[in-house]
Amino acid sequence: MSLNNNYGIILIETGSINPSDCKVINCCQTAIPSRLEEFSLSVKPINEGKVGESVRSAFLVDTEWFKENFRMPIPDNYTVAVAIQWQINSSLFNSLGLSGNAEGSSTSPTYHCSNQTAFGNNRSLAFICSCKRGYEGNPYLPEGCQGVSTGVGVPFLLISGWGSYKFLKKRKMMKCKEKFFKRNGGLLLQQQLSSSEVNVGNPNLFTSKDLEKATDHFNVNRILGQGGQGTVYKAMLPDGKIIAVKSQRNVVKLLGCCLETEVPLLVYEFIPNGTLFQYLHNRNEDFSLTWNMRLRIATEIAGALFYLHSAASSPVYHRDIKSSNILLDEKYRAKIADFGISRSIAVDQTHLMTLVHGTFGYLDPEYFRSSQFSEKSDVYSFGVVLAELLTGEKAIFSTIVQETKGLAAYFTDSMEENNLLNIIDNRVLEDGEKEEIIVVANLTRRCLNVSGRERPTMKEVATELGGSASVAESYKSSTTTCGC
Numbered sequence: 006m007s008l009n010n011n012y013g014i015i016l017i018e019t020g021s022i023n024p025s026d027c028k029v030i031n032c033c034q035t036a037i038p039s040r041l042e043e044f045s046l047s048v049k050p051i052n053e054g055k056v057g058e059s060v061r062s063a064f065l066v067d068t069e070w071f072k073e074n075f076r077m078p079i080p081d082n083y084t085v086a087v088a089i090q091w092q093i094n095s096s097l098f099n100s101l102g103l104s105g106n107a108e109g110s111s112t113s114p115t116y117h118c119s120n121q122t123a124f125g126n127n128r129s130l131a132f133i134c135s136c137k138r139g140y141e142g143n144p145y146l147p148e149g150c151q152g153v154s155t156g157v158g159v160p161f162l163l164i165s166g167w168g169s170y171k172f173l174k175k176r177k178m179m180k181c182k183e184k185f186f187k188r189n190g191g192l193l194l195q196q197q198l199s200s201s202e203v204n205v206g207n208p209n210l211f212t213s214k215d216l217e218k219a220t221d222h223f224n225v226n227r228i229l230g231q232g233g234q235g236t237v238y239k240a241m242l243p244d245g246k247i248i249a250v251k252s253q254r255n256v257v258k259l260l261g262c263c264l265e266t267e268v269p270l271l272v273y274e275f276i277p278n279g280t281l282f283q284y285l286h287n288r289n290e291d292f293s294l295t296w297n298m299r300l301r302i303a304t305e306i307a308g309a310l311f312y313l314h315s316a317a318s319s320p321v322y323h324r325d326i327k328s329s330n331i332l333l334d335e336k337y338r339a340k341i342a343d344f345g346i347s348r349s350i351a352v353d354q355t356h357l358m359t360l361v362h363g364t365f366g367y368l369d370p371e372y373f374r375s376s377q378f379s380e381k382s383d384v385y386s387f388g389v390v391l392a393e394l395l396t397g398e399k400a401i402f403s404t405i406v407q408e409t410k411g412l413a414a415y416f417t418d419s420m421e422e423n424n425l426l427n428i429i430d431n432r433v434l435e436d437g438e439k440e441e442i443i444v445v446a447n448l449t450r451r452c453l454n455v456s457g458r459e460r461p462t463m464k465e466v467a468t469e470l471g472g473s474a475s476v477a478e479s480y481k482s483s484t485t486t487c488g489c
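When we follow our numbering, the leftmost residue of the sequence shown carries the number 6, and every step to the right adds one.
These aren't lab readings, by the way, just hints derived from the structure by calculation. Mixed in with the good hints there might be a few duds.
[Unchecked claim] Now the in silico label distances, taken between C-beta atoms and shown as ranges:
id	residue 1	residue 2	range
1	ARG374	PHE172	56 to 66 Å
2	GLN283	GLU435	14 to 24 Å
3	ARG288	ARG338	18 to 28 Å
Quick reminder that beta carbons are idealized off the backbone N, C-alpha and C, glycines included.
Take these sequences, add in the hints, and give me the full structure.
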């Protein structure tokens, strides 16, 4: 559109024209038909000989707005409302240099287009484009959408903050390890281990990192067993040695220990063949304990307890003797495990006043009533294990008529009723001599006496089962006890 501004006021409207709208001097108007791609206009005076005012204003307005809002005279800085609706025809999509197709589907990573019906009477397809998130600019120009620059400040702050967090976390963890190591007696233990006067069988102090690696971060698949005193994990040291790691609050000497954790970790000798409980009560048709094996296991346990009660420098009461705490090595030799609630006492003491601890079915009834634990309490628990070896029954079991019974009372009642051979395990009856079985059964009944005074000592038990001197000496020569 071109206007010659030497002439009077020009009003241009879209749509129909009403000649009465513009009646003042130097005012003229014309209609602009719809859907024009180009419109040109020339202006000349109506009266060539008369000089009027020059063109002051020109309007492109909607007819309805013009009818309601136009007033004369026109003030300075007069404004009108103009709404321009425009579209880009889909046939021009590629000619603009945009990537995509005529339907408006964009393949550009920087902008996207959506198609819609064109404005006006012509309902041909058109599209509208916009820059994608993170970009800004004109999406209708090639390379028109540019990435918004965030600078290097934010990434640098994020990396620096993460690094500081990791450093502080590691520092806090190191301080916790030092605190736990001191609180658990680590400094004193280091002094004892470095002293040439102390001989503790070269135990090791493990770091928590060592044990995490050895147990595959305490993987549940490495769990060997769980009990009231903690969880036992199978672990492998860097040299390939297999060990067992147990977490509990009472630190005792085994192969070594870790004092850097809130709950100290104990490193045990790994015993590969499981527990006596498994072989007695989880029957395996391919393998079962013979009578001779059971008698040897009983003899070894008795010798170990005799040594703990009397041959050690300070008597030790185990306080939780049971078949699941008796481990069998590769040659099915017995080893007593889980000294979690054991106590050492002065040589001149005969009993210990404590809260009642232990496993139901193995608990000494006298200890249960009085809270006084003595060596005879371990004897009673050992008597229950002897009854398990003879009968193959659990310490607490259900009869054929679904009656729950304790093995100790069941065994002694059967002997009093002369019904012993009817409750003995078939494998024992097949392998053992009747006289030998009866001797062991009588010893078992004495161990299970409700009165502690009437029970034999572990020395007497070991003597009857195989000779106290040889058993205790062999156990002493193959075992070292010391505290971690």
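Original post:
Range hint 56 to 66 Å: satisfied by the CB atoms of ARG374 and PHE172?
Top reply: The hinted range 56 to 66 Å holds for ARG374 and PHE172, with Cβ atoms some 58 Å apart.
Subject >> Hint check for GLU435 and GLN283 - Cβ pair distance inside 14 to 24 Å >> reply: Because 21 Å falls inside the window, the suggested range holds.
Subject >> CB-CB spacing for ARG338 and ARG288 relative to the 18 to 28 Å hint >> reply: Because 21 Å falls inside the window, the suggested range holds.
Of the numbered hints given earlier, the model fails none.
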